[in-house]
Structures are given as C-alpha cells and as structure tokens.
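**Student:** Chain residues, written in single-letter form:
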Amino acid sequence: MFDHLLIAIATPLAAALLLLIPMPALARKVVAGVGFLMPALLALCVWAQFSVADAADYQFVTQYDTGLKDALGISLHLGLNGISLPLFVLAGIVGLAAGLYAIQSKAERPSLYLGLLLVMQAGLMGVFASIDVFFFYFFHEFALIATFIMVGVWGGRDRGYAAMKLTIYLTLGAMLSLIGLIALYHQSGAENFDLIALRQVIADGAINGSNQNVIFGLLLLGFGILVSLFPFHTWAPLGYGAAPSSAAMLHAGVLKKFGLYGLVQIAAPLLPLGVGHWSGWLALLAVGGNVLYIGFVTIAQRDLKQMIGYSSVMHMGYAFLGIAAFNIVGIGGVVLMMVAHGFSVALLFMLSTSIYHRTQTFDMDDMGGLAKQTPVLAAFFVTATFASIGLPGLANFWGELAIFVGAWKFSAVYTTLAISGVIISAVYGLRSAAKVFFGETSPALAKVSAEKAPTDLCWCEKIPALVLLAALLFVGFWPKSISEGVNTAVSALYSGK
Amino acid sequence: MTIEQLQAAAANNLWVNIQPEISMGVLALLLLVLEIFLPKKKALIPTISIVAQLGLLIGLLANFSPAYLGSTSFSGLLYHSSDGQYLRAFFLTCSILVSMLGVVALAKQKMPKIEFFHIVLVVSAAMMLLAQAANFVLLFVALETVTVGFYILVSYTRTNPLSLEAGLKYLVMGALSSGMLLFGIVMLYGVAGNPALVGSSADPMAYQAVSTFLAANPGNFLASVGIVFVLAGVAFKIGAVPFQIWIPDVYQGAPTPVTAFLAVASKAAGFAVLISLVYVFSPYEKLVTTVLSIMAGATILFGNLAALTQHNVKRLIGLSGVSHAGYLLLGVVAVLTVPQAVGSIYFYLFSYLLASFAVFGVMTHVAGSNDAEQDLDHYADFAKKRPCLAGVLAIGLGSLAGIPPLAGFMGKLMIFIAAFKAGLYPLLAIAIVGVVISIYYYFGWIKAAFFSTWRPPVPSGEVEAAGPAPTPVSLPMGVALGLLATGSVVFGIYQGPLAAWFLQR
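Chains as they are written, first to last, in the numbering used here: chain A, 454 to 950; chain B, 870 to 1374.
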C-alpha cells in the first residue's frame, strides 16, 4: 500500500541521510530539492483526495508497531482529520518555501544546513500526521533539536545565548507537556497513547473534574511555553532574531503551531472541564499579555526581525483567546488562524532576510527608501504585512474574524480589547513597511548602495515568496477550501461540550 | 558437618551454571601467562582478551535461556534468572568496551598494561556473580571483589598525583561504605537468626530467610536500622546523595576507561543489587520507600546543580552521572508498586551504556597524556577538526540529556511512566526540573564542540595554548563507536522485541 503520510515523513529524512555523503553542489541541490518538494506534493495530493464529509474521522490511516504497542500502548499511528489536514498542508508548503530559500542561500557547510532543515521538515510532517500522542510529541522534539543546532551554528547576533535560551525554555515546555500527556495516559485508565483510544475512553467521563483541572493546567503551561504564551514568551523574539531565516520560517510558521494544535486537537476536547477552569486566566494572559502588552512592545522595536518575532508572539494571543472561548466558531477560527499565520509569518521572516541582504542591517532606523530600488520586494512585504494585520482578502482575516465572533459569546470585554489589538498591529506593521521602503533614502542605505546597488528579488527568492503569497490569497479568497473540513471535525469534537 | 552433608552441599555446586564467570577468570589468568610468552607488541594480548570476551558474549546471547533459569545453585547462594542473564550480558559488554578504551588510553601512558585488562576481567566476573546473588555473604564477597579491583584501577596511572589522590579517596570511602554494608548485614543476620523471634531462620544470610523474617516482624527496630545501613552501603556504590562526595574527584583522577567502568558498570551493579534488595526488604516498604525517595530527589537535584558549573568534562560527566543515579532511583522507588519499573530501569541502564560509552570513547581519544585534565575548552572547533567523533559525542550527550529520538529519552519516558503509575508526583516534578537543568550543561558541551566561539587573539610571539591533539581512531574502535551511536538512535525510534522483553514479563 502506498502510504502518503509515511512517505511524506520519510523522504526528507532519507534526503538528509543522503546529504551526509559528500557530493557536488548541483547534486546536493537536487537531493535537498526532492526532499522538500515531496512532502508538499504529497500534502496537496492528500488534500485533494480527502473526503470533506467525513472530516471528523481520521483518513489515510496506517499503523506500525515499533515494539511498544502492547507494553505501553505506543505505535506509529498515522492519519489526518479535518483539523490536522490543513496544518499538514501548511507544513508541506512552508517547508517547500523554506527549503527553496535555503537551497539558494550561501550558508557555510551547506550539506549540514540543508540536512538539518530536512530533519525539521520530517518532524513537522510527522507532528501533524500522528494520531498517536507519543509520536506527536516525539516528532516535535525531532524538529526542535534541529532548530537548536541551526540557531547555534548559523545564527546571527547572540546566537550562543539565543540557542541556549531557546533550548532551555522549549525543553521545559516539552517536559511539562510530556508529563501532562503521561497524566492523560494514566488517569484516563486507557494506558494507551493512541488519540482515538483515548477519546473513546474519556468519552465515558473517565477523568473527574479536579484531575481535569490539573492535567489541563499542565498541558496549558507546557504547550503555552512552546507557543510563547505571556509571560513565557521571551525566548521567541530572541530566538527568531538569531535564527537563520529558513529555520525561523519553519519554526515560527509551523513548529510553533504544535502547542496550539495539541491544545485544540488533544487537550481541550478531552478535558472540557479543565478548559472551563482555566479559561479566565488564559484569556487574561492572552489578551492582557500577548495581545496588548506584547503589542506595545512590538511597536517599540527597532530591529526588523525582532519586531516580526514579537508580532508573532502577539498573534498567538488571538489563538489562545479562541481556545479560551471554547466554542465551535472560536476553535475553528484558531485552526484557520494557525494556517494563515503560518504562511504570513514565514513570508515576513523570509523577506526580512532578503531586506537584510540588501541593506546589511536589521535596524529599521537605518533603513528607508528601499522601494525605489526594489519595488517587487516592497510589494511582497507590504502584502505580507497586510496579511499579518488581518486585511480582508488575505487568509488571516478569516481566522481572526472567526475567533472574535466565537470569543464575543465568551466575553465581550476581552473581545473588544483583542479587536483593538488589530489597530496595534496596523501601527507597527505599517510603520515598519514605511520605515523600510518609503521616505527618503537613508544615509546608511546610500552608503551601502554606493558600494553595491541593491537589486530586486531574484527568481530564487521570488518563487518561495510567490508560493507563500499564493497560499495566503487562496485561503483569503476561498476560505471554504479549508474551513469546511475544519468545521466538520471541530463540530464533532466539541459538540455538547 | 558429616560426609553426607558435605556431599549434599557439593551436589548443589553446579559449576556449569557459572561457566561465563569461570571463563572470565580463566581468561584473566591466561592473560598474565601469555604476557610471559608472547612478544609485547602493541595491543596483542588486549586483542586476545577482547576477542575472547566477544566470543563469550556471543555464546551467552546464543544460549540466553539455559535450562537452569529460575533455579538456585551453590546451596542458595546464586539465583539464576533472565534478569541475571541480561545483567551478565550487560557487564560483559561493559568489560569489552572498557578493554577497548584501555588500549587507546594506556598507549598514552608509560605503565605496565596487561594487568589492567586482567583486573577488568576479574571485576566484571565479580559483577556478573553479584547480579545473581541471593545471599548476603555472596553479595558482600562479590561486591568487595569489585571494590578491591577498582582500588587498583582508579589509581592505575600512578605517576599522576590526581590518580593517586583519587585512589586514596576511593579506598577510604569504599572501606567506609563496605563497613556500613557489613554492619547492616550483621544486624539483619543477628535479628533474623534470633530464635526468640517469630520467623527466625537457621540461615539468616539468605535473602529468602531475611524476607520471611521481616514479613513476620513488622517494625522491628534493629532490622530497620540494618536495612538503612545496607541501603546506605549500596548508595555509596551508585553515588546517591548523601554518599556522592567521592564522585567528582575519583571520576576526574581515574583513567578515563576506569571512569567509564565506574560510571556504567559499577552503577548498574549497584542498581542490580538495589532492585533485589528492595524485594527482600519489601515487608518494610514504607521505610525503604521513604529512604529511597529522599535520596532520589536529593540526588537528582544535587547532581544536576553541581554539574552546572563544571569545566572539567570528567567531573561534569561524573556529576551528571549522579543525577542519572537519581532518575534510576526514581524507578527503584516505583518497583514495589509497579512491576514494569524493573524493565524500565534495565532499559534505562542499557541506553545509558550506549550513550555513556559513546561519550567516554570520544573523551578517551581527545585526552592527552595528562588524563585528569580534560577541559571543555579542548573541544573548541572539535566539529570542524573531527566531524565523525563530534557526531558520536553529540548523539551520546543528547541521549544522556534524554532527547528524542535517542534511546536515553525512551529510558526516561519508561521510568517517568512507571513513577507516574506509582503516584510519585513530587519526585516527578523534581525530575523534570533536573532534566531542564541538565540541558544547560549537556548543550554547553555540545556548544563547545560545535559552535564556533570567539577567542582572544594570541599576542605575537606566543603559541596558542591548544588542547591535546585527538588520537586517530582505529578501525575496531571506529566500528564500536559507530555501533554505539547507531544503537542510541535505533533504540530511540524502534525498540522492537527488546521493549517487549523488558516491559512484559
């Protein structure tokens, strides 16, 4: 049987292994290209074949025993439902864009660089294809290690410190969520890490209220650290600021969604009483911390990459608000938002590096007037900024809209405050676009241009940017393409809760 | 004793049951004899030793379930079980790897060499017996054989004052711990042999007799004191807090292969003893659990916090080893309530063996002639100079840190699941804090090896103080290191029938 999901995970891994063999540059590019292209193609193929009417059930299901099935209830159980499918496609497409961008970059030791990125890609495909909770965690860690090494070796300023901070924070988050998952495994009495089995057992009310509160608390804290929930967000801007652009694209765009996905797919539907217990705190941290406080912090940033890092922390606040709202519209909005934000933040990180190559600085105060020399780059950046702010016609709009609609029933005050956050993102987004691209040519840019005039985007940069932009516009104009499956799956999981 | 009794006792001496241990002993003696005859060309005799041990290991694995499993021999001194078989293979593997590291490390010293391999064999044979002990007399004798062997091994590079210091420290501390162990055994012997008490036995040295006695006399004060003393004696061997004082100095001073031997085999032996003793002392579950829980928590925290500031990699790995003893103790605490915990501990030890020997293998190659001085700075630019060795190091350290997809993670996961089932929530919380702290120093080491660091420019006319140049890797050593690294990866992803064997018995 042709197992799309396993092949989507295995191809990048195989390509990464192949890259260990010394080979000429062209062969290396081909091997890595195949490794990045296959998951994207398979993801699209799966998406085309996916039956939307049955989106509540897992499809393309396969199961492999790694030796722990009987002893611990762990097996490599792969499959996609309406919630995981869009994220699987997101991982494939952002991976393709990040991979294409990395292949043409001039990193030192390119084989290792591409190899680690391929390992990340394999992990990402695995995270969203796993039905088994253990492997869901396992694949996440898989991708995380590659991230640490990439930040540490190829990172920019403060890479040593950033890599260490990232590692310690994310390990703490991962360990807490692991204990939460073990608690779920044991307290449910299922003694099984398989999500389908867990759902069956827990549907009978196997976990009482106080246990639900504790377990959901653990998972919320663990996953929250991984998604940069305020006040555990400090690793994110620092890490993204230091990370090489492809790693930042994959991590901020896709890997960070692991925590949200864990909450939406696993924790919240299994532990509804726990969500109810913590939703007040969650909304407070999400809106007061992530959206408003971090929103203002973002406005104050001078470093372009750090600003994008902070803005991604801020947008996570909307997602947490949607989870706190805990209704079908809100949760569906979270899934839409995860996909949209993944595309837009990846595009922004990629473009910021392209800007750096032309200006030799990330400091926005030293930039200005770049649009005259690079109109295409400017157009891409402004569109990505619009997407990030949440303008209609681009994917993020639908996610945020659904979250606000869902959250209104939960709390009108928090929703109003969160909506005002959109103004904050407009302020920093537009300001950054203006500072970088418009106005007078800055003295620093003039000095750099005198040495080597900045050229507009080359095709090797345009193609990945176009891929991401096309995805943003596609979902923006036709949200039904993913919302239908999401709605079916979320309704089945959350109805009656 | 009449002739008949002697005959009956002799009939129970099934020498064939301890054929692996006897073979090790014979091989050890043979090495000394061969030294007289064979030319002292480089590494000929060690090679014979390693090849012979490999043969023994294959023989042991091929005949893994002999007919005598589940029975006792030597009048109840030994109890043969599949756990014992596993531990035999474990110690034999350690012995082979230590011998291989010894070849590399001793080449850098001007020392008599053959005795090293001789003692390694004797110590390993004693550990193999120790794993099957069912009687306090055999426990003590085997443990002392191990310890006496280590006295010599630790101070083997006698021209190095740090090695001598380590030897002395290990001698004093080892004697103290043996004394405590013996004191405890005698107390148990005394109370369990007291005819005035219920359940007393004529043979109060046997595990079974002590266990029966303890079950019949709950809350006996002398027995409780004896149990605590015995546990303290064993805690010395595994380096659990508060008996970890000797670890950093001894680990630093001992030659690197011996450090590896101490870190892996000696610790595993301690845990093998501890697991069987926990079952013996199971009637006093509350006492045993309390003592071990306190130790486990303190050990995890102390090991990790103390390792944070180390720059000498041998001290670092020693103190991180203390924290691993803590995680293993967490499993031991769970043993009485969750039978699965035993298999988890054995899997953890197995992953620990793979990872530790990978790291020690790299350390042995990086070390210069002064074995005690191995600094983190010596690993600067290591990934550029020796990419393969650096890869092995990274996998080893990652596995020790417990990061998926490496075997060390699966070991930790199994222990954590067992601990969770046993309801040890506070200890689990401590363990998580420990894991997060440990990331700092393990990644610090990886950082030193992989990330390029800024170094102050060397003033003109001065030579940069570089670390010793790494020894080239021989083919067998390369194969061994490659196998260890691959094993760490493969058993992290696919445990296959091995996991079923460990967890479903």
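Incorrect hints may appear among the rest.
27 angstroms max Cα-Cα, derived DSS-like pairs, lysine-lysine [claimed, not checked]:
(1) A:K933 / A:K559
(2) B:K909 / B:K979
(3) B:K979 / A:K482
(4) B:K1254 / A:K559
(5) B:K1290 / B:K1253
(6) A:K905 / A:K559
(7) A:K482 / B:K909
(8) A:K559 / B:K979
(9) A:K888 / A:K900
(10) B:K1155 / B:K1254
(11) B:K1254 / B:K1290
(12) B:K1254 / A:K522
(13) B:K977 / A:K618
(14) B:K910 / B:K977
(15) B:K909 / B:K977
(16) A:K915 / A:K900
(17) A:K915 / A:K862
(18) B:K1290 / B:K977
Here chain A is said to cover these stretches of chain B; the calculated rule only asks that three of the stretch's residues, wherever they fall, bring their Cβ under 8 angstroms from a Cβ of chain A [what the hints assert, rightly or not]:
(19) 1234 to 1245
(20) 1293 to 1307
(21) 1346 to 1356
Rather than coming from a laboratory, the hints here were simulated on the basis of the structure. Backbone N, C-alpha and C fix where the C-beta goes; we use that ideal spot for every residue, glycine too.
**Student:** Looking back at the hints listed earlier, which ones does the structure fail to meet?
**Tutor:** Violated hints (numbers, rising): 1, 3, 5, 7, 8, 10, 11, 12, 13, 17, 18, 19, 21; every other hint is consistent with the structure.
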